[in-house]
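Visitor: So the chains spell out like this:
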Amino acid sequence: MTAKLSDKATGQRLVKAGISEAANHKGPEYWFDFNQAIPGSQRLLLGAAGWITFVLVWHITSQMDLAPERLYPGPVAVFGALQELFIEQSFLSDVMASLTRILVSFSIALAIALPLGILMGSFARVDAALNPLMGAWRYLPAPAFIPLLLMWLGTGDTQKIALLLMGVVFFLIIMLADVTRQTPKVLIETAKTLGGGRRIILWTVLFRHSLPGYVDTCRQMLAVSWTYLVIAEIVAATDGIGAMMMRARRFVHVDDIMAGIVTIGVLGLLLDTVFRLIYRKSFPYLGRGHS
Amino acid sequence: MSVHQGLSVTGVSKTFQSGGRAVQALENISLGLPAGKVGVLLGPSGCGKSTLLRMIAGLEKPSDGTITLNGRAVNRPGRDRGMVFQDYSSFPWLSVRDNVAYGLKINGDRNALNEGTVDHFIRAVGLEKFADVFPHQLSGGMRQRVAIARTLANYPELLLMDEPFGALDPETRWQMQDLLLNVVRKERSTVMVVSHDIEEALYLGDVVFFLSRHPGRLRETIFTDFKSSLPQNDREAFLQSDDYRRLELHIRRLMRDEGLDAA
Ligand SMILES: Nc1ncnc2c1ncn2[C@@H]1O[C@H](COP(=O)(O)OP(=O)(O)O)[C@@H](O)[C@H]1O
Ligand SMILES: [Mg+2]
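These protein sequences, in sequence, are chains A and B.
Reminder that position 244 of the first sequence reads as 244 in the working numbering, one-by-one numbering, no gaps.
Reminder that position 48 of the second sequence reads as 48 in the working numbering, one-by-one numbering, no gaps.
Just so you know, not all the hints are guaranteed correct.
Said to hold, decoys possible - Sample of chain B residues lacking proximity to chain A, with all beta carbon distances greater than 10 Å (derived):
hint, residue
1, Asn28
2, Thr51
3, Arg97
Said to hold, decoys possible - Dumping the calculated DSS-like pairs for lysine-lysine here, alpha-carbon to alpha-carbon at most 30 Å:
hint, chain 1, residue 1, chain 2, residue 2
4, B, Lys105, A, Lys281
5, B, Lys129, A, Lys281
6, B, Lys37, B, Lys61
7, B, Lys227, A, Lys185
8, B, Lys105, A, Lys185
Calculated directly from the structure, the hints in this document are not laboratory data.
Predicted model, so just to flag it, every value in this text is computed and none were measured.
The C-beta atom is built at its ideal place from N, Cα and C for all residues, glycine as well.
Working from the sequences, and respecting the hints, build out all of it.
Guide: Next up, the structure:
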């Protein structure tokens, strides 16, 4: 272990030394080496540069009379509209309505998918019984059910949550089952020869080993959930981010529509970041580069 | 050798169904290992060593024959037969200490936990400085020590090991062999080790069971009584003894008969 730890330390020192040495030359071999790790400060700077370029291009093109200002507002107008939406109109309650739909539908989806996924991933016979059914449902696009859901459940929240649930739950079941199934057999057999019964092995080995994978799967499926949310709210809704955007369309308030898009993007990114943080804090044993 | 104390394998055969074909891995194996002894299953690759060990662990069922440990028939895996696998299997989410405590915890063995059993075995394998570290921070040899400590802390009646040091570099492997012998002598454990290495088999084993291939049969049982007159933990004296050289040559010839030169 000592050997291994010190190997790592020298490795890092060598990497750092290599970078500073090459930085003195700053030739193309430094800037465009294949798939090299780069310092965190450079990563941040380059990422910011990408964003600044994008906003600048947007701003300049919006000033160039390519289209009427009200159809193609620039970033300044859109951020102004965003501010106005939050302060003067009750956009916050729209955002909360959308977030609530996401959280409620995703909680229900998880409550259904987790037990099924664990059982399918742990027991080949449960998998054989359910996988063909759940796997097929995945390929029915949830929006195809909108007319049906509208007739059955009306235009209220129930219909939207049902759509979000349909869009996510089958993928979630199959993915959680896959994660569970990847538990190494040798860990299960180790627990067996230590005297572990089925219930104990299910929780202390299969479930515990899969936990990081479950969190990661949830993160990915939440992104999918956002997609269905916008569809649900655009089709029929009186509140929510999508509904606000459809209202704005009627009065050709393009800046409001764009503000809605920005809001959706930022919220999605925030949710993703929260999950990444949970992942990093909860599973310190997943050292980088190890499994 | 008492029939009831220790491991006894009687007329065990194993046939696998593989792709519609029946493959006989083991045929009519009978052997006994008295309590407190170290046995080694030695033989060329594919002769069924792992299969036999897994049947003793209860992870596979014999097609024929019976296995008993201390008089009780083996049907399924159990706490009485702890197994150390080749690939350093540690629970990655548990620290070294929690890995070693795992067996006692799932068995609800409060007494052993309170008596400091866990720390005792962490010390026995020399990992006291690393008790709070996660397995991925350890080298292969150290992870295998975690596995040994975890298995012994659970007080199995029989310790099973499938080529436990096979993937280690020679220097580490020698250290681990001495460490294992010291621990099992002190704990008076009964051990069955799988090996394909002649030196390792003779160094570890009180008795070596040589298996031949296709199908796997018990070809010869070799006792290593000569070691009792040698100083313990002295590999050089062991390697230079006439008895070792004679047995090593003998087993090498058996290996050659199997169509596989000992590597
Ligand atoms: N689960 C299995 N299914 C089919 N054949 C198997 C299985 N396990 C082992 N075998 C076969 O049994 C024989 C013995 O294998 P094994 O016990 O792994 O040998 P060893 O450990 O001595 O190398 C080999 O021919 C192997 O292919
Ligand atoms: Mg083997």
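Visitor: If a hint holds in the structure, say so; if it doesn't, say that too.
Guide: Hints, one by one, checked against the model:
1. At roughly 26 Å, the least C-beta separation between Asn28/B and chain A is larger than 10 Å, which holds for a residue marked as non-interface.
2. Under the 10 Å C-beta cut-off, the non-interface status given to Thr51/B relative to chain A holds; the minimum distance is some 14 Å.
3. At the 10 Å boundary, the C-beta of Arg97/B stays outside the reach of chain A, the nearest C-beta of that chain being 13 Å off.
4. Restraint check for Lys105/B and Lys281/A: satisfied, since their Cα atoms lie roughly 25 Å apart, inside the 30 Å limit.
5. Proposed proximity of Lys129/B and Lys281/A is supported: the alpha carbons are some 24 Å apart, at most 30 Å.
6. A distance of roughly 24 Å separates the Cα atoms of Lys37/B and Lys61/B; the hinted pair therefore holds under the 30 Å criterion.
7. The hinted pair formed by Lys227/B and Lys185/A fails the criterion: a straight-line CA distance of about 38 Å is larger than 30 Å.
8. Note on Lys105/B and Lys185/A: the hinted pairing holds, with a Cα-Cα distance of about 21 Å set against a maximum of 30 Å.
Of the numbered hints stated above, the single one contradicted by the structure is hint 7.
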